[in-house]
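Next come the chains, spelled out residue by residue.
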Amino acid sequence: MAETLERRRMSMEVSAEPAVTQFRQPVILLDQVTKYYGNVQALRGVSLRIEAGESVALLGPNGAGKTTAISLMLGLLRPSTGHVLLNGGDPTIPAVRRAARLGAMLQNARVIDLVRVRELLDVFRSYYDHSLPTDELLEIAQLHDKQHSYTQHLSGGELQRLLFALALAGDPRILFLDEPTAGMDVASRRRFLQCIRELHRDGRTIILTTHNLAEVEGLSQRVIVLNEGRIVADDSSEAIRATASGQFVSFLAEEQTDQLLAAIPGVLRIERQGPRVVLLTRDSDALLKDLQRQGIATPHLEIRGASLEEAFLALTRKEEQT
Amino acid sequence: MTLLALRAQSKLELLRFLRNVRALFFTLLVPIGYYLIFSYGFGNTHDLQLHFGIAMAGFGTLGVSLGTLGSRLAQERQLGWLRLLQTTPLTPLTYFVAKVIATFSMAGLTIIGVLTVALLEGLRVDNYWALVTSALILWGGSLPFIALAFVIGSWTDAETGYVVSIGVYLVLGYLGGLLQPLQFMPSVLQDVARWLPSTHYFLLALRPLQAASSGSALEDVLILLVYTLLFTALAIWSYRRAGTADR
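Those sequence lines, one after another, are chains A and B.
Oh and the first sequence: position 257 is 256 in numbering that gives the first Met the number 0, straight run, nothing missing.
Oh and the second sequence: position 14 is 13 in numbering that gives the first Met the number 0, straight run, nothing missing.
Don't read these hints as lab results, they were simulated from the structure.
Even for Gly, the Cβ is constructed at its ideal location relative to N, Cα and C.
Among the hints, a few may not be true.
[Stated by the list, open to error] Which stretches of chain A does chain B cover? Using the computed rule of at least three CB atoms under 8 Å from a CB of chain B, they are:
#1 45 to 51
#2 98 to 109
#3 125 to 132
[Unchecked claim] Sample of chain B residues with no beta-carbon within 12 Å of chain A, all distances over it, derived:
#4 Ala7
#5 Phe37
#6 Gly139
#7 Ile165
#8 Ser215
[To be verified] Some chain A residues flagged as far from chain B (calculated, every beta-carbon gap over 12 Å):
#9 Ser70
#10 Asn86
#11 Pro90
#12 Asp112
#13 Asp121
#14 Gly182
#15 Arg189
#16 Arg190
#17 Arg196
#18 Glu214
#19 Leu260
#20 Leu267
#21 Arg271
#22 Arg303
Throw the hints in and build the complete structure from the sequences for me.
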């Protein structure tokens, strides 16, 4: 696959040149977007701008509004208020979507049965004016061995890779991936992420959602963190990772010491679990020194790294309060 | 490009139809099986054979559209497949037309299958062109049932879609006089039958063979036309609604 993408990249560099001199319009623009499902508010005023060639991850826990945001960008949903623009046009208009040349992998999408892998790829290719060759799609998705299999006989990971190949059938300029690695094993996940990096290097815009910050490493330059329908952070992936490298320090302590502990500057959050107290901090060594200095005993001490997103969300919450 | 997509999409739908065991069951096994049971069970008179042949070819087209298409549509919607297609340049019209083409092809298969078996089993008609005309009427007249399958497909999920489709299929088949001659039914049911599309579908197909018992061709055509327009409008409205609904 490396050679085929290499060839493609070279041909693209030539054609991409005049576009640089033109006025740069964002590929995606969300302006004060809200989205209600009945009484439930999935997005609460989201504004963002994604330029051509960016690789962006929408990160957040389940229910944060990631899929809603992607669906709005794809024109599958209309915003309740605010504006969504795709290359300056309304994405709910088919001609706008077609001109943008997008490909999408939707969350929890499944595949129709009674069709062979290769047949389905060929049918999808017939939808587009420009399409990638079937053999290249099979190679990218590592489905060469399965090209004559019926879709109903594929494993979960194979189906996911087939959906990825279908998203690439039209040689898209903008690739939307909603939780793309769900159900993949470690090896195919690694290969898949490598593949996305190569697609991005070709100059494609990549927009993916995930609830796993580790996945974003080395993949997306920019991470937008969503929580409860709001953007809580929008930064480079390095900055987000640095913010999110929190640790939980827990030990047995009387409830009376809680106030004292909360006053220590390095403590970002304090939580009680029965007889144990759990402190969230960015630097556990410094915190332990502080505790020692104040003469607070730490029996049954436990230190564990916070999962990145739980730490991150806790950190942003703390910062909002101060 | 759209024509290429339509060709590829129609071929895909037809292939999937032919690979679907349940579809083949409703397309060939049920109508041909019934034809053989009826013609051996109730005597091999010319009139009955003709009646059963047309009735079972008609019942087969009902099975193709209602027995299979409706629940398959519901299933594809439930899979999220229609949403995925919405992100591609394939237009909804191309998708639906391809479904109709595939269903029409299967309806042709069931009509040819049943009538061929009937002819092999000794069905004789005075004018074979009349039989061809009847076959064409059966073919074209399946349109309202295809439209009805689209309506059912948009309002149900895979499981309920199947139950509703089979229910409608059997009710329309029975009350339309396809499974039992209308004159043997209680008069209440005969009154209902007078307004059903399947009744007039069957009667219209019998007319070229001079075998229709009542009514006029004009009445049949008008009623079928009204049902076709009604179901088509309902189907378009249903999919518009499903397409813009907040999920």
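(message) Flag every earlier hint the structure violates by its number, smallest first.
(response) 1, 4, 9, 11, 12 and 13
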